[in-house]
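Below, each chain spelled out in residue letters.
There are 2 protein chains.
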Amino acid sequence: MSTSLHNIDQQIAEIGQRAKAASREMAKASTRQKNHALGALAELIKGQRSALQSANQADVERARAAGCDAAFIDRLTLSDQAIDSMTEGVQQVAALFDPIGEIDAMRPQPSGISVGKMRVPLGVIGIIYESRPNVTIDAATLCIKAGNATILRGGSEAIESNRLLAGLIQQALSAAALPAQAVQLIPTTDRQAVSAMITLPQYIDVIVPRGGKSLIERIAKESRVPVIKHLDGICHVYLDDDADIEKAVRIADNAKTQRYGTCNTMETLLISQAIAHQVLPPLVKIYLDKGVELRVCDQTRKTLSALGLTHPLIKDATAEDWDAEYLAPILAVKSVADIDEAMTHIDLHGSRHTDAIVTENHSKAMRFLREVDSASVLINASTRFADGFEFGLGAEIGISNDKIHARGPVGLEGLTTYKWVVLGSGQIRT
Amino acid sequence: MSTSLHNIDQQIAEIGQRAKAASREMAKASTRQKNHALGALAELIKGQRSALQSANQADVERARAAGCDAAFIDRLTLSDQAIDSMTEGVQQVAALFDPIGEIDAMRPQPSGISVGKMRVPLGVIGIIYESRPNVTIDAATLCIKAGNATILRGGSEAIESNRLLAGLIQQALSAAALPAQAVQLIPTTDRQAVSAMITLPQYIDVIVPRGGKSLIERIAKESRVPVIKHLDGICHVYLDDDADIEKAVRIADNAKTQRYGTCNTMETLLISQAIAHQVLPPLVKIYLDKGVELRVCDQTRKTLSALGLTHPLIKDATAEDWDAEYLAPILAVKSVADIDEAMTHIDLHGSRHTDAIVTENHSKAMRFLREVDSASVLINASTRFADGFEFGLGAEIGISNDKIHARGPVGLEGLTTYKWVVLGSGQIRT
Numbered sequence: 001m002s003t004s005l006h007n008i009d010q011q012i013a014e015i016g017q018r019a020k021a022a023s024r025e026m027a028k029a030s031t032r033q034k035n036h037a038l039g040a041l042a043e044l045i046k047g048q049r050s051a052l053q054s055a056n057q058a059d060v061e062r063a064r065a066a067g068c069d070a071a072f073i074d075r076l077t078l079s080d081q082a083i084d085s086m087t088e089g090v091q092q093v094a095a096l097f098d099p100i101g102e103i104d105a106m107r108p109q110p111s112g113i114s115v116g117k118m119r120v121p122l123g124v125i126g127i128i129y130e131s132r133p134n135v136t137i138d139a140a141t142l143c144i145k146a147g148n149a150t151i152l153r154g155g156s157e158a159i160e161s162n163r164l165l166a167g168l169i170q171q172a173l174s175a176a177a178l179p180a181q182a183v184q185l186i187p188t189t190d191r192q193a194v195s196a197m198i199t200l201p202q203y204i205d206v207i208v209p210r211g212g213k214s215l216i217e218r219i220a221k222e223s224r225v226p227v228i229k230h231l232d233g234i235c236h237v238y239l240d241d242d243a244d245i246e247k248a249v250r251i252a253d254n255a256k257t258q259r260y261g262t263c264n265t266m267e268t269l270l271i272s273q274a275i276a277h278q279v280l281p282p283l284v285k286i287y288l289d290k291g292v293e294l295r296v297c298d299q300t301r302k303t304l305s306a307l308g309l310t311h312p313l314i315k316d317a318t319a320e321d322w323d324a325e326y327l328a329p330i331l332a333v334k335s336v337a338d339i340d341e342a343m344t345h346i347d348l349h350g351s352r353h354t355d356a357i358v359t360e361n362h363s364k365a366m367r368f369l370r371e372v373d374s375a376s377v378l379i380n381a382s383t384r385f386a387d388g389f390e391f392g393l394g395a396e397i398g399i400s401n402d403k404i405h406a407r408g409p410v411g412l413e414g415l416t417t418y419k420w421v422v423l424g425s426g427q428i429r430t
Numbered sequence: 001m002s003t004s005l006h007n008i009d010q011q012i013a014e015i016g017q018r019a020k021a022a023s024r025e026m027a028k029a030s031t032r033q034k035n036h037a038l039g040a041l042a043e044l045i046k047g048q049r050s051a052l053q054s055a056n057q058a059d060v061e062r063a064r065a066a067g068c069d070a071a072f073i074d075r076l077t078l079s080d081q082a083i084d085s086m087t088e089g090v091q092q093v094a095a096l097f098d099p100i101g102e103i104d105a106m107r108p109q110p111s112g113i114s115v116g117k118m119r120v121p122l123g124v125i126g127i128i129y130e131s132r133p134n135v136t137i138d139a140a141t142l143c144i145k146a147g148n149a150t151i152l153r154g155g156s157e158a159i160e161s162n163r164l165l166a167g168l169i170q171q172a173l174s175a176a177a178l179p180a181q182a183v184q185l186i187p188t189t190d191r192q193a194v195s196a197m198i199t200l201p202q203y204i205d206v207i208v209p210r211g212g213k214s215l216i217e218r219i220a221k222e223s224r225v226p227v228i229k230h231l232d233g234i235c236h237v238y239l240d241d242d243a244d245i246e247k248a249v250r251i252a253d254n255a256k257t258q259r260y261g262t263c264n265t266m267e268t269l270l271i272s273q274a275i276a277h278q279v280l281p282p283l284v285k286i287y288l289d290k291g292v293e294l295r296v297c298d299q300t301r302k303t304l305s306a307l308g309l310t311h312p313l314i315k316d317a318t319a320e321d322w323d324a325e326y327l328a329p330i331l332a333v334k335s336v337a338d339i340d341e342a343m344t345h346i347d348l349h350g351s352r353h354t355d356a357i358v359t360e361n362h363s364k365a366m367r368f369l370r371e372v373d374s375a376s377v378l379i380n381a382s383t384r385f386a387d388g389f390e391f392g393l394g395a396e397i398g399i400s401n402d403k404i405h406a407r408g409p410v411g412l413e414g415l416t417t418y419k420w421v422v423l424g425s426g427q428i429r430t
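These protein sequence lines map, in sequence, to chains S and B. Taking our numbering, I'd label the letters of the first sequence as residues 1 to 430. Taking our numbering, I'd label the letters of the second sequence as residues 1 to 430.
Treat the hints as calculated values from the structure; they're not laboratory data. Among the hints, a few may not be true.
In this list, chains with the same sequence are indistinguishable; a pair is considered to hold if it fits within one copy or across any two.
[Claimed, not checked] Calculated lysine-lysine pairs in the DSS-like style (CA-CA distance at most 27 Å, straight line):
| # | residue 1 | residue 2 |
| --- | --- | --- |
| 1 | 28 | 117 |
| 2 | 28 | 213 |
| 3 | 290 | 247 |
| 4 | 213 | 302 |
| 5 | 247 | 117 |
| 6 | 302 | 290 |
| 7 | 247 | 315 |
Chain S on its own, in the form it takes in the complex (with noise of 0.2 Å):
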C-alpha cells in the first residue's frame, strides 16, 4: 500500500473512532438537547445564507468549467428555494416524534422478570452520496435526531459547499453542549476515502450509499458494514380485469408522468387482456400527447391495430424491456391473461421495490397485497406514493429493496435498533 493511502486509511480510521466516541455521547443526548441542536441549525443556515450561497457558488463554476450538464448543475446549485426548502427539512425533524428510549411493552414473565424492547440509536452511520449538497443537511439532521453519530461523505464537486455546512452543523451541535465530531465531513474528496469507510465495521455500524447505480452497487459489493440501499426500482402496474376503468386510466398516468426519473416511477404496465380495449385508448392518448414512448408485447400490439392506433412512439418491445428501469418517457406495456400471469411475471421481472393493482374485486387484492414479495405494495393508487413523506414516516433517509433490517421507505426508525431491558427484584434462573 502507498503512503498516501496508508494515509488516508489512517484518516478515516480516526474519524470513525472520533464518531464511535461522539456517538455514546449521542445516544444519552435528550429530547431538548436535540431538538436544540436542530432549531439551532436552521437558524444558522437562515443566517449564513449568502456565505452559504457563495461557497456554493465556487462549486458550481468549477463543475461549469468541468463541462457538467445542466441537470447535474442543477442538483449542485443551493438556490434561494432550495435554501429555504433546506430549513424547512430541518424544522420538520425537529418536530418529529423522538423514538429513542421508546419501550414497546414490559410484559411479565412467568419467572418474575418483566422484559420489554427499548429503541436505541444504531451508532455511528456512514452516508456516502454525490452531488447535491442539501444531502449533507438531511441526512445528518434525521441521524442527530436517531442519536447517531455522522461520518459524511460528498461528492467532490460539492466540497466548497459541504464543508461550510458541515461546520454549521458543528456549531448548532456545541450550542446544544452536543459533541461537534457528532457529525464529521470527510476532508478529502479521494476515491480511497470510501473504500477505508466501507472497511471499518468496527466504528460504522450501517452505510447508507446515496446516489447513481455504479457507486451503490460497488458499495454494496465490497462493503464489509451493512448496507441501506436500493439499486433499481422496476416498478409495476397491473391493471386487472375487475379494474374500475377511470382509476385504471388515472393511476396508470400518474404512475408514469408524475415525474420519470424517480426510483418509484411505474417502468412496466401489465393489462388484463379483458379490459385491453377500453383501457388502451384513453391511456395511449394521454402517453402520446406527454410525448411517453411505448414498448409493446405482440398481444397488445394486435389490440391497438384492431382499434386503429398506430404512432411512431408505439414500439415493439423486446426481451430487454422487460427488465429495463427507464427512468425516462418510455414505457413498456404487456398483456396478461389474469393476476397470476401478472404476479408471476413481477416476480420474474421486478425489483422487488413497488408494484401496484388496480382492481374492484376484493379477494384478487388481498392475493396481490399478500403474495407480491415487493417493498411496497399497492392496491388502487400510485406507485409514486413509495415515498417516507407519503407514508407517513416525515422524512426519508433512503429506500431498502433488501429485507434485512429495513424495507422500503427508511425513515427514523431505520437509523435505530432495539435492546432487551429486563426489570428484576432479584430473580435468578432455576
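Once you have looked at the hints, place chain B on chain S.
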C-alpha cells in the same frame, strides 16, 4: 476450480433455486397448513423413534471410533429424553402465534391512502450447525412456522441422524400439501458446501450459523449473505453500592454457577468498592464451595486480605482476564469506584451481549438501562435470563450480538421481515 468444487457449487445452487421456489409457496401457506405439518412431524418422530435411534447409533459409533470426547458424544446422542424434548419443541412451535400476515396498523394519510406494515417471511434461511441433530428439527420447525424455506447444513458426524430427520420433515410437509423442498438437507459433508451457501445471496436471504466460535467467525468474515450470529458472551454483573446485599449475592452466584458453558453466563463480576467487604465474604464462600476459580484485581485482593480471605483458587487477574470468555468455573472479579467506572469497563471489555446491575437506586438503574449498549440489559436479575424462552419468545433460533435486523435472543420475528401495504381508492400523487 476443480471439477469437484464446481460440482458442489452447482449442486448447492440447485438446492438454493429449489428453496427459493418453495419459499414462494411457504409464504402463501395458511396457519392451519403450517400447524398441520408440525403436528404431523411430531407424530412421525414419535412413530419412528427406533429407526431414528438406530440411524443415530451409526453416527455415535463412527464418532466413538474417531475418538470424539464424551461431551461431543453426549451432544450427538438422541436419547429417549432428547427425542421427547424434540417432539415437545415441535408441539410448542405449533402452538405459537403465527406472525405472518399481521398488519401493525393501517394509518390514513393526508393523501387519502392508508398505509401499514405487513409481517412476511424472510424467504430462504440457511442453517449451518455442528454436531447436535436436534437442531435439524428445532431450526426447521421455526422456519416452517415463519413461512420460510430452509437449507440445513449439519455436521458430518450427525449425517445419518440428520438424513432421517430431514426425511420426516419432508414427509410432514407433504402431508400438509406444502412443498417437501421447503426443507432441504445438504446431502454432502464436503466443507465446500458451506462456502457455496454463504455466497448465494440470490437464493438465500439469511444465514444462521450455530456452533463453535471458529466456524462462526469464518462464516461472518466470508459471507455475502446477511448473518444472524453472536461470537462472544463476555457478560458482566455490577454490584452497586446501593445494592440489596442478599439480592447481590444471589444474582452473582446464579449468573456464574447455574451453568458454566452458556453464552449468558457472567464472566466478570464488578463490585462497588463501598460494599466489597459485605458481599465478598458470602460470595467467595459460595464460589469456593462450588470450585470456582477467582481472578481478582489488586484492590479486590487487598479487601480479601483485610478480611483474612486467601485460598489457592483465588488468583491475581492479568489484563487478559477482563476480555476472557471462560465458559468454565472461572470468574474475573474487579473492584470499581462507582457506576461510571463499571459502565466504562463494560463498554471497553464487554461483548455487548448481556449485562446486569444490582441496585435499589432507581436513577442508577435507569442510567444503566439506557446507557449500557448491550443486546440485553438487566436490573436486579441474573444474566442467565437472556434467552428466548425466558424472554417470552416461545422459542429461539439463536442470539445476535449485532445491531442490524435482530438483536439478542432471536425468535420467530427474527425470521420475518415486513412489507409496506397501501390501501387506496384511486389516489394519485400530485
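My question is about residue 28 and residue 213: at a cut-off of 27 Å on alpha-carbon distance, are they close within one copy, between copies, both, or neither? Neither. Shortest intra-copy (36 Å) and inter-copy (33 Å) distances fail the 27 Å Cα cut-off.
Alpha-carbon proximity between residue 302 and residue 290, which holds within one copy, between copies, both or neither at 27 Å: Within one copy only: 23 Å inside a chain, 85 Å across chains, cut-off 27 Å.
Pop the pair residue 28 and residue 117 into one bin, within, between, both or neither, using alpha-carbon distances up to 27 Å. Classified as within: same-chain Cα gap 17 Å, cross-chain 29 Å, threshold 27 Å.
How would you label the pair residue 247, residue 315 (within, between, both, or neither) given a Cα cut-off of 27 Å? within (26 Å within a copy, 79 Å between copies)
27 Å Cα threshold - placement of residue 302 relative to residue 213: neither (36 Å within a copy, 63 Å between copies)
Pop the pair residue 247 and residue 117 into one bin, within, between, both or neither, using alpha-carbon distances up to 27 Å. So residue 247 and residue 117 pass the 27 Å test across copies only (24 Å; inside, 43 Å).
Pop the pair residue 290 and residue 247 into one bin, within, between, both or neither, using alpha-carbon distances up to 27 Å. within (19 Å within a copy, 75 Å between copies)
In this structure, the hints that do not hold are numbers 2 and 4, in rising order.
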